[in-house]
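Colleague: Listed below, chain by chain, are the residues.
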Amino acid sequence: MTILLTAAEQKKPNIWRRARHSFAVARHEPANLIGLVLAIFFAYLILAPVLSILVDSFIVQSGDEARTHQDEGSFTFYYIVRTLYSRISEILLWQPLYNTLAIAASTVVFSMSIGVVLAWLVNRTNMAGRAWFATALIVPFMLPTWTFALAWTTIFKNRTVGGQPGWLESLGITTSNSVAYGYFPIVFILVLHYTPLVILIVGNALRRLDSQMEDSARVLGAPSRTIAFSIVLPLIRPALMSAALLIFADCIGEFAVPYILGLPVRYDTLATGLYRALDTRQNGVAAVIAGVIMIIGVITLLIDVRMMKEARRFVTVGGKGNMDRLRKLGRMRLPASGFAGAFVLIGVVLPLLTLFLSTIMILPGRFTLENFTFDYWIGSNLDTVALRNGILLTPEFWQAAWNTIVIVGSSSMISGVLGLLVGYAVLRCSFKGVGAFLRQITFLPYLVPGIAFAAAFLSLFAVARGPIPALYGTPAILIIALVASKMPFASRSGIAAMTQLGKEPEEAARIAGANWFSRMTKIIIPIQAGPLATGILLPFISGIKGVSLFIILAIPSTDVLTTYSLRLLDYNYDQAANAVVLMIALIAWLGTVLIQKISGTGLAQGLEN
Amino acid sequence: MPTISLTNLTKCYDGNTEPSVDQVSLTVEDGEFMCLLGPSGCGKTTILRMIAGIEHSTSGEIAVDDLVVDSVHQSCFIPPEQRRIGFVFQNYALWPHMTVERNVDFGLRLQKVPAQERKERCLDVMSKLRILEYADRYPSQLSGGQQQRVALARMLAVNPGILLLDEPLSNLDATLRLEMRAELRRLHQTFGTTIIFVSHDQWEAMTLANTIAVMNKGQLQQIGTPDEIYAEPCNRFVAEFIGNPKINIVDLKASAAEQVSLANHIRSRIATNEFTNVCAIRPEEIILTDTANANTLPMTIENIMPTGGSWVIELSFGDDRLFHSTQSRPKWREGEQVNAYLPTLSLHFFDQANNRLVLPETDLDYNHLLLNSASINQKHTNQPLAKQA
Ligand SMILES: Nc1ncnc2c1ncn2[C@@H]1O[C@H](COP(=O)(O)OP(=O)(O)O)[C@@H](O)[C@H]1O
Ligand SMILES: [Mg+2]
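One line per chain: the protein sequences are A and B, in this order.
Following our numbering, the numbering of the first sequence begins with 1 at its first residue and continues without gaps.
Following our numbering, the numbering of the second sequence begins with 610 at its first residue and continues without gaps.
You may find that some hints are simply not true.
Stated by the list, open to error - For lysine to any residue, the following SDA-like pairs were computed, each having C-alpha atoms within a straight-line distance of at most 25 Å:
(1) A:Lys522 / B:Gly944
(2) B:Lys855 / B:Glu729
(3) A:Lys522 / B:Arg711
(4) B:Lys855 / B:Asn819
(5) A:Lys503 / B:Arg658
(6) B:Lys826 / B:Glu690
(7) B:Lys862 / B:Ser752
(8) B:Lys855 / B:Glu943
(9) B:Lys855 / B:Thr834
(10) B:Lys862 / B:Asn886
(11) A:Lys522 / B:Asn886
(12) A:Lys522 / B:Tyr747
(13) A:Lys432 / B:Met815
(14) A:Lys309 / A:Leu197
(15) A:Lys503 / B:Gly944
(16) B:Lys728 / B:Arg711
(17) A:Lys522 / B:Gln725
(18) A:Lys503 / B:Arg711
(19) A:Lys522 / B:Lys728
(20) A:Lys503 / B:Tyr622
(21) B:Lys721 / A:Ser380
(22) A:Lys503 / B:Gln750
(23) A:Lys597 / A:Gln528
(24) A:Lys432 / A:Ile15
(25) A:Lys597 / A:Ala136
(26) A:Lys597 / B:Met707
(27) A:Lys309 / B:Glu943
(28) B:Lys826 / A:Arg18
(29) A:Lys432 / B:Glu690
(30) A:Lys503 / B:Thr834
(31) A:Lys522 / B:Glu943
(32) A:Lys503 / B:Lys728
(33) B:Lys737 / B:Thr834
(34) A:Lys522 / B:Ser749
(35) A:Lys503 / B:Lys737
(36) B:Lys721 / A:Pro505
(37) A:Lys432 / A:Ala24
(38) A:Lys328 / A:Ile527
Since the hints were made in silico from the structure, they are not lab data.
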C-alpha cells in the first residue's frame, strides 16, 4: 500500500540547519579530515618554503646590514636591484639566464629532431632490429644525466682544471675549452638524455594514430610528403608540444650537468648561479634567482595548459587502424638501423664503457695492460690517503648506499602513500576548495627546480621554528625535501588511480558495513597495490639519480651515493667516484626493471608519467 | 518491520541549478516490491543513493522504520555503514581483488560472524543464486549476469531488511533478463525482503513490481499498481511514457470547427469543458471493423508493421494519424479503408496543465454500448474498463 503525500511546500530549512546537517554528513566522511590535515601539511611543507624564498628576496639577510645600510629583516629592494640592474647583474642573472635559455632551447630543438625520426623509425617502419631498439633507445633516459657528464670529462677534460687529465689529453691531443666544457657538451648530453623521452611520447602518439586517416588521404591521391606534413604532423602536434615543454622545463632546472661541465669555465646557468650564490652566502640574491626560475616555470606551465586546451579540440579516438602495416624502407633499412645504433652507441655504450674503463685504469687514457686494475673496486691497502680500499670494500660506500636506500626509499614510500591519500581526499572531500587547493599545491614543486627548493628548505628548516626543531644535518630534512619535491608526480598518479577506481567499490564496502579503516586496508589499498608500487618506485629511481637536493641539504653524516661520489671527485679520486656513479646507474636500472615486472605496463607508460 | 518513508525529499547537487530530486514523498511498506520508473536522468538513482546513505539530501526527510536517517530539519545523518540497507549497483561494483566467495562473505566478516556460520550462510546464498561453482573465481572472470548474481549474493548474505537495486536488468541480454526477472521474484518471495528497484524500462517495471512510482525530472508523477498506472495515467507524461506502441494523442484545441478531424469528432461526442486540452487513446483500444455506424470513423490504413506476434497499424483520418495495435492478424491491406471506433470509456482527457481530467459522467455518451455489432461489444468488454473515480 502506498500513499502519495501531497507535495505540501515545506518550510525551506534555514542556513543554520543546513550547516549542521552538512556537518553531520561530513563527520562520517573521513576524507574531509584527511583533506584538511593534508592541506595544512602541504601548506607548511611546500607553500611555506616557496613563500619564504620569495619573501627572502625582499628582506635584508643576516650579514648584509652594512651593504644595505638597513637592519637585518627589514624590507629592501637591494637584492632585486643588485640582481637585475647593478653592474654585476650581468654575471649574476643575465648571462646565466641567457645560457639557461640557450641550453634549454637547443636541447629541445635537437632532441625533438632526432627523437621524432627515431620514433618514426621504431614505430612505423620495418627498420632492422626494431623491437630491440624500442627498448635500447630508452636506456639513456634511465641513466642519471651526470653519468654522461662524468664520462665526458673522463675523455675530454683538459688542463683548465686540475686533477687527473682526460684521456685525450694523456694521448697528447689537446681539447679546446669549448669542446671540453660549457654550452656544447651540456647540450650534447642533455640531448642524449631527453631524446628517449621524445621517442616515448611521440611514439605513443604515432601508435595511437588511426592509420585509416592516412589511408583516406592516400586514396585521394596524396603523396607521402603531403600525408606526413598535412595529416600526421598536425595530429601528433599535441604530443610534440607536450614533449617539448616537458624537456624545456626540465632543462631549466638541470643542475648536475652544468655543475660538472660549466663551473670549471665559469659557464653559469640559473641553477648553478643559484648554487654559487648560496655557496657564497648571498641568500638574498639566491632568492631572486630562484624567483626568476619559478617565473619561467609558471610561464611554461601556462603555455602547457593553453596548448592542452587547444589540443583537446581535435583529440581523436583512434587506434582501430592496423598499425602493424609498416613503411618499407628498402635500401634505407640498414642505414636507418645504423642511425639508431649510433644513438645507442653514443648514448649508452660509450658513456658506460668509458666510465667503467676509467674505474679500472690507474692512469687515465693509457691503454696498456699493466695500467689496468680492479683495485678501485675491490683492492685493499691502496696508497691513496683517504680511500685505502676499493669502494666495494669501503664502509663509507656501503654507509652511503644504505643512507641512500633509507632516505630515498622512505621518502618515496611516504610520497607514494601521500599521493594516494591526496587522490582520495581530492575525489572524496565534501569541500570543493580543499580538493582544488591540494591538487594545486602538490603540483607547485614542479615549477620550482630542485636546487631552488633545496635552498628554500635550507632557509626555512635550518633553524628551529616553533615546535619544529632545526633539521639541517639530519636525514629528516632530506626526507621531507624529497617528499615535497616528488609530490607533483605522486599526487598526479594518486589522483589518476583514484579517479580510475571510482567511488563505487568503496561505497559498496560502506553499504556492507565497513568502517573507514577497513575500507582503506581491505578495499582501497589492495586494489591500488599496483599503482602504489609504481608510485613508490618511480620517485625512488629519480630520487637516487637526483643531485641538487642532496648537494645543498646533505652533510657528511647523511652522505648519500651522489654526494659521496661528488666528494670523491673533489679529492680527485676519479676512478672511485666513477665506480660509485656506475653503482647508482645500476640501482636505477634495477629499479626500472622491477617496475616493469610489477606493473607489467612497460617502460614507456611508466616513464612518460 | 522495515518501512521506508520519504517526505518532501529534495536533492540538488553542488553546481546544479535544477534539483535532481524534487519534493518526493512516498512510503514503501514492509515486504513491498516497488519500482521507481522514469526516463534516464530523472533522479531515480539519486533517490536510491540517498536512501542507502551514499548521498545526503538537500532538504526533506528519510525515515526507515520511524527512525529518521537523514533530515536537514533535524540535522541528522546516519552513514551508510550503520543503515544496514542492501544496495546493488548498476555496474555491480564487485571488488576486483577478491574472489567471489570473499566478495560474498565480506559483510559477514565485518559483522564478526563465527567462521562456521559464515561458511554456511555463504554457501546457502551462493547456491540459491547458483554461483557456487564460481566461488574461487575473480569478478573479471565472470560474465555480466554472473557478476550481477554475485553482487546480489553479496548483499543477501548479510540479510538486509531492505534491498535497493539500480537497474537490475538493463545490463543483461534478453535471455538473462528473463532468467534474472524470475530470480528476483523468487527472491522477494523467499526472503520477504522489501525491495525498491530502479528502471527506465516499462517492461521491467510492469513485469516485476507490485507498485510502480513514475518519475520525471526529479518529480514523482504517480504511484500505483502496474494496472492502475496503465489504465489511469494521472497525467499526460505518464500516459505517454507507459505503453508500447505509444498512446495516441489528439490535440482537441488544434483544429478549426468546420474541418473533418479527430478533434472535432471527439468533441462532438462528449461535452468537453473549457479545461479539456488533449485526448489520448491506447492503440489496442481502437477497434477496427468493416461495418460502419454512427460512431465509427472511416480511416485509411497507411502502414502495417508486423512486430512478431502482433501488428501495429498506422491509420489516417484527414490530417490525423493514429496507431492501432492488435494481436490478431489484420485482414486488411495497406491503402484500404476501414471503420475505426474509439470507445468513449477508453478515452483519457487531460487539461491545460496536462493533468488527468475527469469529465462528469453525464457528459459521456453511452450510445456505443447499444451498438449492434457483436464483435465490437465482445472486444470491448474484454478490455479492463477504466474505473471512473
Ligand atoms: N554526482 C553528481 N553531480 C552532479 N549532478 C549529478 C550527479 N549525479 C547525478 N546528477 C544529475 O542528477 C540527475 C539525476 O541523475 P540520476 O539520479 O543518476 O538519474 P537516473 O538514475 O534517473 O538516470 C541527472 O540530471 C544527473 O545529471
Ligand atoms: Mg541511474
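Colleague: Decide, hint by hint, whether the structure agrees.
Modeller: Comparing the hints with the structure gives:
1. Taking the CA atoms of lysine 522 of chain A and glycine 944 of chain B, the gap is about 69 Å. The hint is violated against a cut of 25 Å.
2. A C-alpha spacing of about 49 Å is found between lysine 855 of chain B and glutamate 729 of chain B, which places the hinted pair above 25 Å, so the restraint is violated.
3. Under the criterion of a C-alpha separation no larger than 25 Å, the hint pairing lysine 522 of chain A with arginine 711 of chain B is consistent with the structure, at around 11 Å.
4. Of the pairs offered as hints, the one joining lysine 855 of chain B and asparagine 819 of chain B holds, with about 22 Å between alpha carbons and a cut-off of 25 Å not exceeded.
5. About 12 Å separates the Cα atoms of lysine 503 of chain A and arginine 658 of chain B, which keeps this hinted pair within 25 Å; it holds.
6. At roughly 29 Å between alpha-carbon atoms, lysine 826 of chain B and glutamate 690 of chain B are farther apart than 25 Å, so this suggested pair is violated.
7. A threshold of 25 Å between alpha carbons decides the hint, and for lysine 862 of chain B with serine 752 of chain B the separation of about 53 Å lies outside it, so the pair is violated.
8. The straight-line distance between the Cα atoms of lysine 855 of chain B and glutamate 943 of chain B is roughly 21 Å, inside the 25 Å bound, and the hint therefore holds.
9. Taking the CA atoms of lysine 855 of chain B and threonine 834 of chain B, the gap is about 19 Å. The hint holds against a cut of 25 Å.
10. Our distance criterion of 25 Å between C-alpha atoms is met by lysine 862 of chain B and asparagine 886 of chain B, whose separation comes to about 6 Å.
11. At most 25 Å may separate the alpha-carbon atoms for a hinted pair to count; lysine 522 of chain A and asparagine 886 of chain B exceed this at roughly 60 Å.
12. Note on lysine 522 of chain A and tyrosine 747 of chain B: the hinted pairing holds, with a Cα-Cα distance of about 16 Å set against a maximum of 25 Å.
13. Among the hinted pairs, lysine 432 of chain A with methionine 815 of chain B is inconsistent with the structure: their alpha-carbon atoms are about 41 Å apart, more than 25 Å.
14. Note on lysine 309 of chain A and leucine 197 of chain A: the hinted pairing holds, with a Cα-Cα distance of about 22 Å set against a maximum of 25 Å.
15. For the given pair, lysine 503 of chain A sits about 57 Å from glycine 944 of chain B by alpha-carbon distance, which is inconsistent with the 25 Å threshold.
16. Among the hinted pairs, lysine 728 of chain B with arginine 711 of chain B is consistent with the structure: their alpha-carbon atoms are about 11 Å apart, no more than 25 Å.
17. Taking the CA atoms of lysine 522 of chain A and glutamine 725 of chain B, the gap is near 22 Å; set against the 25 Å cutoff, the hint holds.
18. Distance check on the hinted pair: lysine 503 of chain A and arginine 711 of chain B sit about 20 Å apart at the alpha-carbon level, within 25 Å; holds.
19. With a C-alpha separation of about 19 Å, the suggested pair lysine 522 of chain A and lysine 728 of chain B falls inside the 25 Å cut-off, and the hint holds.
20. Proximity of lysine 503 of chain A to tyrosine 622 of chain B is assessed by CA-CA distance (about 16 Å); at most 25 Å being required, the pair is judged to hold.
21. As the CA atoms of lysine 721 of chain B and serine 380 of chain A are separated by approximately 62 Å, the hinted pair breaks the 25 Å bound.
22. Between the alpha carbons of lysine 503 of chain A and glutamine 750 of chain B the distance comes to roughly 22 Å, so the proposed pair stays at or under 25 Å and holds.
23. At most 25 Å may separate the alpha-carbon atoms for a hinted pair to count; lysine 597 of chain A and glutamine 528 of chain A meet this at roughly 16 Å.
24. Between the alpha carbons of lysine 432 of chain A and isoleucine 15 of chain A the distance comes to roughly 19 Å, so the proposed pair stays at or under 25 Å and holds.
25. Between the alpha carbons of lysine 597 of chain A and alanine 136 of chain A the distance comes to roughly 17 Å, so the proposed pair stays at or under 25 Å and holds.
26. Taking the CA atoms of lysine 597 of chain A and methionine 707 of chain B, the gap is near 22 Å; set against the 25 Å cutoff, the hint holds.
27. A C-alpha spacing of about 56 Å is found between lysine 309 of chain A and glutamate 943 of chain B, which places the hinted pair above 25 Å, so the restraint is violated.
28. About 24 Å separates the Cα atoms of lysine 826 of chain B and arginine 18 of chain A, which keeps this hinted pair within 25 Å; it holds.
29. Taken as a hint, the lysine 432 of chain A and glutamate 690 of chain B pair is honoured in the structure, with Cα atoms around 24 Å apart against an allowance of 25 Å.
30. About 35 Å separates the Cα atoms of lysine 503 of chain A and threonine 834 of chain B, which puts this hinted pair outside 25 Å; it is violated.
31. The straight-line distance between the Cα atoms of lysine 522 of chain A and glutamate 943 of chain B is roughly 66 Å, outside the 25 Å bound, and the hint therefore fails.
32. Among the hinted pairs, lysine 503 of chain A with lysine 728 of chain B is inconsistent with the structure: their alpha-carbon atoms are about 29 Å apart, more than 25 Å.
33. Between lysine 737 of chain B and threonine 834 of chain B the CA atoms are separated by roughly 29 Å; this puts the pair beyond 25 Å, and the hint is violated.
34. A threshold of 25 Å between alpha carbons decides the hint, and for lysine 522 of chain A with serine 749 of chain B the separation of about 18 Å falls inside it, so the pair holds.
35. A hinted pair counts as satisfied when its Cα atoms are at most 25 Å apart, and lysine 503 of chain A with lysine 737 of chain B does not qualify at roughly 29 Å.
36. Restraint check: the Cα-Cα separation between lysine 721 of chain B and proline 505 of chain A comes to about 21 Å, which is no more than 25 Å; the hinted pair holds.
37. With a C-alpha separation of about 17 Å, the suggested pair lysine 432 of chain A and alanine 24 of chain A falls inside the 25 Å cut-off, and the hint holds.
38. Note on lysine 328 of chain A and isoleucine 527 of chain A: the hinted pairing is violated, with a Cα-Cα distance of about 44 Å set against a maximum of 25 Å.
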